[in-house]
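The lines below spell out each chain.
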Amino acid sequence: MRGGAIPVSPARLRRRRMVNLVMTGLCTAAALAALLVLALILWELVIRGAGALSLDVFTRATPPPGSRGGLLNAILGSLSMTAAAIAVATPVGVLTGTWLAEYGRDSRAAGLVRLFADTLLSAPSIIVGLTVYVLLVVPLGHFSGWAGAAALALIAVPVIVRTTEDMLALVPDQLREAAVALGMPRWRMIVGVTWRAAAGGILTGVLLAIARIAGETAPLLFTALNNQFYAWDLTGPTPSLPVVIFQFAMSPYRDWQDLAWAGALLIAAGVLLLSVTARLISARGRK
Amino acid sequence: MSVEEAGPMPDIISPGIISPDIVSAHPVARPLRLSALPAGLRWDGPFRRLTGVAALMVVAALAAMLVVLVIGALPVADRMGAGFLVTQAWNPVTDVYGAVAPVAGTLITAAIAMLLAVPAALGIAIFLNELCPHRLRAPLAVAVELLAAIPSIIYGMWGLFVLAPVLASTVYPALIDTLGPLPLLGALFQGPPFGIGVLTAGLILGVMVLPFITSVARQVLAEVPPVLREAAYGVGATTWEVSRRVLIPHARRGLIGGVMLGLGRALGETMAVTFVIGNAHRIHASLLQPGTTISATLANEFTEASGDIYVSALTALGLILFVVTFVVLLGARALLNRTGSAGR
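Residue numbers (our numbering), protein chains in the order written: chain A, 407 to 693; chain B, 494 to 837.
Hints in this document: simulated from the structure, not taken from any laboratory. Hints are not guaranteed to be accurate.
These stretches of chain B come out as covered by chain A in the derived footprint (C-beta under 8 Å, 3 or more residues) [what the hints assert, rightly or not]:
| # | stretch |
| --- | --- |
| 1 | 593-603 |
| 2 | 663-676 |
| 3 | 732-742 |
| 4 | 772-784 |
Simulated restraints on C-beta separations [to be verified]:
| # | chain 1 | residue 1 | chain 2 | residue 2 | range |
| --- | --- | --- | --- | --- | --- |
| 5 | B | E623 | A | M656 | 40 to 46 Å |
| 6 | B | L567 | A | T434 | 50 to 56 Å |
| 7 | B | V563 | A | A515 | 57 to 63 Å |
| 8 | A | A456 | B | E623 | 35 to 41 Å |
Computed list of chain A residues with no C-beta within reach of chain B, every gap over 12 Å [claimed, not checked]:
| # | residue |
| --- | --- |
| 9 | A456 |
| 10 | F464 |
| 11 | I596 |
| 12 | L609 |
| 13 | L640 |
| 14 | G676 |
Note that the structure is predicted; figures quoted are calculated from it, not measured. C-beta: ideal position from N, C-alpha, C; glycine also.
Construct the entire structure; sequences and hints are all you get.
Next comes the structure, spelled out in structure tokens:
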């Protein structure tokens, strides 16, 4: 409407209605197409994945092609590396988020930390793997689960930082003032009042971080690598579900490909469950 | 939600309002001797430093990444010089490496992804904000965001086992027959229909970045003041006219910021692309032929790279990718911060 009144002629009106119909139709079609793709992917996952699921998947280690086997070592490796990564990333992430929300606020230093956290958040995960390879794998002389966990922790930290800061920023300052007015030292105010008020949100951040790293493959390729055996300790090469899926899916063997689909179903189910839980928690916290 | 919305932080520990004990913990007041502080206050400084150290660790981690990549890239820079950036050859046997093919592949796949995802994301955002019945909004928004939660390796498998065969058997032959003979444009659609290749990778990437762009677009469109929308409807504008002439121009900066966030994702995505791009170190005029990207090259070759120069060449590719995604992120932040949404 570039200035002037809109002329109301029947022909013009009809044309505008048509354009409106077509364009809103296209918008609706885009939404339907996205839902369709989501449904197609989930459908394929469930059909092929469920077909390959069996007790063996949970009780046997990854097999050589053509023999019986499962994904037990990969599942254990994924669980232990994710646990180790989150155990490190949670305190670092929560404390950094706390510094940003409670101490740094709008200072220039806080702006810089935010920029660095954002960069880490959007850095391609394969670059994170590359860095950890140079810093941990090369000096130690071998691939290891610890290196894999370090790479995953680097990916998890910025997710936790961002959600922690956002959730702490939602805590009204009146709560802080009230706590301080009662004579609470600032650290107790933060631990006992603001952290408690934002606990649901911080937990959401941790869950989202777990969901993010549980499916990460690229950073593990150069750090944890893989092995065919049980891996209870993380000091050597450690198998993980995503890397095994990558290796098996790219292989020409039918039974390996089936196991890859079973693994993909497990990961997708876990990740979707985590992110839905996280959304529910944060939705309830906001009411 | 941002800090601005929570209001400015009042100076909660201002002298005169609160007991002197607490004032003493504030940096502007002169502190009492440590032993004279009440037990609880003694921990204020250490706690503050603890959180500061964590923040420093984040800064240090990123700085370490940059240093590692630059140092790692030095040997190949020594050997190839600036030629690394303009050479297409990639030959581990003779130790000649050039970044042209993977860089071009990265840019082309990301461009295809954007062509697909940007209009679709905008359409979905308009649908969710303007057209969709209220009751369906939240569930549909969650469904679209679930696309973002699916691990990228699953997109890769789906692309390789489901999408690529369909494309190879039906879509690509049709493209080759109809568009292939055209002048100029036809060169993009020639050759045998493998199913895997640059276009397939771009399609998968488009689906992957769609939810990121949609989510930002939805937020910035929702933040357009209701008065503007009401006024436009009031003078008789149609839904599309309101979206096209009022909402989109008003939210333009934020929308571009969201697109750049998606672009950053598309440039750096690894696994989905590695599955379907075919990993060929050359630039082919046709989008239907195999190619490679920086991240796919790293994923495929890094563990097999023997020789310092080879590893260095791969690290240099990583450095290029890192710098490009960083620049894109800076752009996105600059645009999103000023609209006051989603950018922090």
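Tested hints:
Restraint check on the stretch 593-603 of chain B versus chain A: 0 residues with Cβ-Cβ distances below 8 Å, three needed, restraint violated. A count of 0 residues in the stretch 663-676 of chain B with a Cβ less than 8 Å from any Cβ of chain A is obtained; the coverage claim is therefore unmet, three being the minimum. With 6 residues having a beta carbon nearer than 8 Å to a beta carbon of chain A, the stretch 732-742 of chain B meets the requirement of three or more and the stated coverage holds. Residue count for the stretch 772-784 of chain B with a Cβ under 8 Å from a Cβ of chain A: 0. That is fewer than the three needed, and the coverage hint is violated.
Our hint of 40 to 46 Å for B:E623 and A:M656 holds, since their Cβ atoms are close to 44 Å apart. Roughly 54 Å separates the CB atoms of B:L567 and A:T434, a value that falls within the hinted 50 to 56 Å. The beta-carbon spacing between B:V563 and A:A515, approximately 24 Å, falls outside the hinted interval of 57 to 63 Å. A C-beta distance of roughly 39 Å is found between A:A456 and B:E623, which places it inside the suggested range of 35 to 41 Å.
Listed as a non-interface residue, A:A456 keeps its Cβ farther than 12 Å from every Cβ of chain B; the least gap is roughly 15 Å. No Cβ of chain B comes within 12 Å of the Cβ of A:F464; the nearest lies about 20 Å off, and the non-interface call holds. At roughly 7 Å, the least C-beta separation between A:I596 and chain B is not larger than 12 Å, which violates its mark as non-interface. With a minimum CB-CB distance of about 17 Å to chain B, A:L609 clears the 12 Å threshold, and the non-interface call stands.
Separation of A:L640 from chain B is adequate, the least Cβ-Cβ distance of about 19 Å exceeding the 12 Å criterion. Distance check for A:G676 against chain B: the nearest CB is about 10 Å away, which does not clear 12 Å, and the non-interface claim fails.
Checked against the numbered hints given earlier, the structure breaks hints 1, 2, 4, 7, 11, 14 and satisfies all the rest.
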